[in-house]
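These protein sequences, in sequence, are chains D and B.
Using the working numbering, you'd call the opening residue of the first sequence number 1 and step up by one each time.
Using the working numbering, you'd call the opening residue of the second sequence number 1 and step up by one each time.
Think of the hints as simulated: they come from the structure by calculation, not from any bench.
Quick caveat, the model's predicted, so the values are computed rather than measured.
Where hints are given, some of them may not hold.
[Stated by the list, open to error] Each pair of labels, with its calculated beta carbon distance range:
1. PRO101/D x LYS85/B: 32 to 38 Å
2. GLY212/D x SER64/B: 39 to 45 Å
3. ILE94/B x GLY27/D: 38 to 44 Å
4. ARG210/D x GLU80/B: 26 to 32 Å
5. GLU119/B x THR231/D: 20 to 26 Å
6. THR131/B x TYR54/D: 31 to 37 Å
7. THR131/B x PRO101/D: 27 to 33 Å
8. THR131/B x PRO121/D: 29 to 35 Å
Every residue gets a Cβ at the ideal spot worked out from N, C-alpha and C, and that includes glycine.
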Amino acid sequence: MTDAASPPDTLKSRPILMSVLDKFAAGDHVALARIITAVEDRRNGYQDLLARLYARSGRAWRVGITGPPGAGKSTLVFRLAELLAAQAKKLGIIAVDPTSPFTGGALLGDRIRMQDLSNNPNIFIRSMATRGSTGGLAEATRDATMVLDAFGMDVILIETVGVGQVELDIARACDTVVVVFVPESGDAIQAMKAGLMEIADIYCLNKADREGAERLVVELQSVLGLRKKTTPWEHPVISTQALNNKGIPELWASVAAHREFCQNQATFDHRREQRIADDLQTIIKNKIDRRVQAALRDSESYRNKIAEIAAGTTNPYAAAVELLGEIAGSLAD
Amino acid sequence: MEKIRVLLAKPGLDGHDRGIKVIAAALRDAGMEVIYTGLRQTPEQVVNAAIQEDVRFVGMSILSGAHMTLFPAVAKLLKEKGADKNVHLFGGGIIPDQDVGKLTAAGVGKVFTPGASTEDIVKYIRETAATMTDEPLV
Ligand SMILES: Nc1nc2c(ncn2[C@@H]2O[C@H](COP(=O)(O)OP(=O)(O)OP(=O)(O)O)[C@@H](O)[C@H]2O)c(=O)[nH]1
Ligand SMILES: [Mg+2]
């Protein structure tokens, strides 16, 4: 295990890492991409790498764009990116698509809508597959986001399909969450029920060129009006036509307003601390989890306990307490 | 967990992407992560996407007859940007036999002729990936 942060003097013995970190600091996309891969694959020592980059992070504003399949999320991301690029902003984009649970493969097609951004040196786009990991994706995405932040991005746009729990977790970890829906989403109450609506800071009705758009906006606003208020933030409903490049400045203005709101809130520092606490807990839990797995893998009494439980001579509750006592020592080092 | 990541592109002016979509689906079904970048890309767009996605394979389908300019252009750019050592370039489309050797000489790892099956492509990628040693970062 290369869990513990290595002392800096070992750095010189790792010339490849040194040169990649140097290139990363100099703004090289090849180095940035390789570091994201190491982090995404959870390669040995990735935490060491994150630990080195962390001090550079903390500037970027993270915007989650989520919503049903085909709602126009990638097209919106493309338009927002064009707008921000024109303001000379540095921009990271992460587009998450599902891994097939049957084959482990994934088709990542969000770049199709973002082709024209590929040559912009201020924009870096990365597609990520969910890889069916239990809760790990949210963590890997957040780590990749931190790497982009450390690289010097002003804004990071994260596209996820608003279906599974994991995707919701990713969105929830963003500073501003935009939930995209379309006239075809049906009635707003239905959409509310999908669990998607509660996480929104901003609602974006895309494909506003289509039949039924205005009615849905009105309906949504009235549903929002009835909702119990938990924050002084007034959730805006923005109509856009990503395809026709309409409503994009308004959408970005509402993101900027949300950012301002957050930063002026007395609760902002509290939220920040809450997020740091969440991150810290996740990192600790994952470390412990890996150590538990490793300790049990080598444990004879673990295998014995399983046999005893199967034979009915003990129960899992008592066995767990005993095993925990036995491996406790190896969890702390 | 290391996944084989493949970028598929359809550079040039012809607008037929049925073939490459079939390949994309086959590679996905073989457990790979396929980044499909769409039609009518320039070599520069293909290479920048390959770099950002940190893929080990770039596959291009070219039906327009422009293979003798597009493939070498991509190979050259990969090299210029310092990404050629990690990336295998392969391709297919309507490519006459006499051009295959020239393309390999220009840095294309493998050229599939129209008769090739998706199984052939999967096999090629798997076998090549097995021989690639990635320098560990950390
Ligand atoms: N009519 C109309 N079509 C749009 C609009 N915005 C996007 N589309 C189209 O909707 C389709 C899906 O767009 P994407 O941007 O790929 O949607 P997405 O939400 O990223 O899709 P997934 O990533 O597959 O979930 C494309 O054909 C777009 O051209 C719009 O404002 N109006
Ligand atoms: Mg998309």
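Evaluation of the provided hints:
1. Against the hinted window of 32 to 38 Å, the Cβ-Cβ separation of PRO101/D and LYS85/B comes to about 34 Å, which satisfies the hint.
2. As the Cβ distance of GLY212/D to SER64/B is approximately 41 Å, the hint placing it in 39 to 45 Å holds.
3. A C-beta distance of roughly 40 Å is found between ILE94/B and GLY27/D, which places it inside the suggested range of 38 to 44 Å.
4. Hint check: ARG210/D to GLU80/B, Cβ distance near 45 Å, so the stated range 26 to 32 Å is violated.
5. Judged by the Cβ atoms, the range 20 to 26 Å given for GLU119/B and THR231/D is violated: they are separated by roughly 55 Å.
6. Between THR131/B and TYR54/D the Cβ separation comes to about 36 Å, which falls inside the hinted range of 31 to 37 Å.
7. Separation of THR131/B from PRO101/D is about 29 Å and conforms to the stated range, judged on CB atoms against 27 to 33 Å.
8. The hint said 29 to 35 Å for the Cβ distance between THR131/B and PRO121/D, and at roughly 33 Å that hint holds.
In this structure, the earlier hints numbered 4 and 5 are contradicted, and the remaining ones agree with it.
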